[in-house]
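K.L.:
Given next are the chains, with one letter for each unit.
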Amino acid sequence: MNNSQFPAARTSGLVVQEMPDEVLVYDLNTNKAHCLNQTAAKVWKACDGKTSISEIAAHFGKGANEDLVWLAIDQLNENDLLEGEVKSKFKGQSRREVIKKIGLASMVAIPVIASLVAPQNALAAQSCACVNNTQCVNPPNAGHCAAITCNSIGICAP
Amino acid sequence: MSKYYFCFESYGVAVAIESASKEIVAQAEQTARSALLGNLIEIEHRGEEQCFQLNLLSSGECTIVQNGQEMATGEVSPKFWRFFDSLVRIIVAEHCKSLVFVHAGVVGWRGKALIFPADSFAGKTRLVAELIRRGAEYHSDEYAVIDANGLVYPFARPLTMRPDEVNPRELPMITAEDLGGISGESPIPVACVLFTKYEADAEWNPQVLSSGRGLMEILPQTIAIRRNTEFAINVLKNVITSAIIVKSARPDAAEFAGTFLEFVDNTAF
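As given, the protein sequences belong to chains W and U, one line each in that order. Those letters in the first sequence? Residues 228 to 385, per the numbering used here, in order. Those letters in the second sequence? Residues 321 to 589, per the numbering used here, in order.
Misleading hints may appear alongside valid ones.
What the hints assert, rightly or not - Below are the SDA-like pairs computed for lysine to any residue, each with C-alpha atoms no more than 20 Å apart in a straight line:
{"#": "1", "chain 1": "W", "residue 1": "K259", "chain 2": "W", "residue 2": "I329"}
{"#": "2", "chain 1": "U", "residue 1": "K557", "chain 2": "W", "residue 2": "L255"}
{"#": "3", "chain 1": "W", "residue 1": "K259", "chain 2": "U", "residue 2": "A588"}
{"#": "4", "chain 1": "U", "residue 1": "K557", "chain 2": "W", "residue 2": "S342"}
Unchecked claim - Here's a subset of chain U near chain W, in silico, CB distances under 10 Å, partners left out:
{"#": "5", "residue": "G500"}
{"#": "6", "residue": "R533"}
{"#": "7", "residue": "A569"}
Said to hold, decoys possible - Anything over 12 Å on all C-beta distances counts as not near chain U; from chain W, calculated:
{"#": "8", "residue": "T238"}
{"#": "9", "residue": "K314"}
{"#": "10", "residue": "Q320"}
What the hints contain is simulated information worked out from the structure, not anything from laboratory work. Positions of the beta carbon are idealized from the N, C-alpha and C atoms, including for glycine.
Bound conformation, chain W alone (with noise of 0.2 Å):
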């Protein structure tokens, strides 16, 4: 079977919570989060790894085509969200170039995923005494923080 044709969604390695109108999957290997508006979390349910691209397209109605599918295939894969590598079917296209194209055609939202990294250490979400980031080892906060060192987030240490 040609994964490129059947998409299969990734299912390990991952905390999937549904809102109200998205879909919020937590990466636990990479501690990425991404946030699937409508119709990326639509295509993403689909890929089972028997549905064909047009099979998917076909759920959305006559509102939509295999390029707005494809895009969102796209978003996924780049995202790692699908079992095994997927071929981009808009090679030499700028992703600008293809909203453009869908976004005219297209009754559908396109699909979007935004995504950010879990900071990796707790101490990331602390404050120190200190108004920027130089402020803990100069006077007159040096006595006053609990810093020796000062980071460029904020994070003061001993």
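Chain U: place on chain W using the hints.
P.N.:
Quick look at chain U alone, frame taken from chain W:
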């Protein structure tokens, strides 16, 4: 070999502090009690706890080793204990299984919580202080402590104001009572989550976020997001889907607080 120790449990997390110095353990115990606002009980040393070893060196400096990892070495001074205070709070927040700790300012307003998750330097404390002056109940300038049902528990340590130009050497610790307010004592549901940061000349231009985007915004401020991911996300979903989620830069707290409370009154109740 550590001869002296103090073991405690706080929010369900067992922690051991060990040292060859009796005085260091005594000071560490005092710091831990203060860091956790007295929310700890002494327990027997079982050897299964999260562990701090405080190794006093011949130079007079002390090394903090957390679960076998050297965290820092420094002169045993107030700033050393302030750092240890942070580590104690983090280790409890990070390993707590039944509550989610979000780095945020929190006040109570009309029986519900207003939460301001943000990085350091965003102005959380000044906003919280200003809201207390206007009648809000103080819950925290450090953590929103949230249970599985989405209720927020008070973590009302004294507010730590950053030094200002008038008193650059001061690091005042003030209480809600100093500001003419009171501290919350009961868990409350969340009415509004505001992602905001002070910016000079900023205008209040609230953008209501979808629940998915709200969840994405709050994740980086969630202490145990990597360690207790599924539970944290479930709890945060409960909060996000039952509250109004707003984002905007804001002007100075004194100028902004009234506008914000009016906004909350009109939209979140």
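K.L.:
Each of the hints needs a verdict: does it hold here or not?
P.N.:
Status of each hint after checking the structure:
A C-alpha spacing of about 28 Å is found between K259/W and I329/W, which places the hinted pair above 20 Å, so the restraint is violated. Using a Cα cut-off of 20 Å, the hinted pair K557/U and L255/W holds, with the two alpha carbons roughly 18 Å apart. The suggested pairing of K259/W with A588/U is violated, with an alpha-carbon distance near 31 Å, which exceeds 20 Å. At most 20 Å may separate the alpha-carbon atoms for a hinted pair to count; K557/U and S342/W meet this at roughly 17 Å.
The beta carbon of G500/U is not positioned within 10 Å of any beta carbon in chain W (closest approach about 24 Å), and the interface hint is therefore violated. At a threshold of 10 Å, the smallest CB-CB gap from R533/U to chain W is about 6 Å, leaving the interface hint in force. Of the supplied interface hints, the one on A569/U is violated, with its beta-carbon coming no nearer than about 18 Å to a beta-carbon of chain W, more than 10 Å. Residue-level check passed: T238/W sits 15 Å from the nearest beta carbon of chain U, beyond 12 Å.
No beta-carbon of chain U comes within 12 Å of the beta-carbon of K314/W; the shortest separation is about 29 Å. At roughly 28 Å, the least C-beta separation between Q320/W and chain U is larger than 12 Å, which holds for a residue marked as non-interface.
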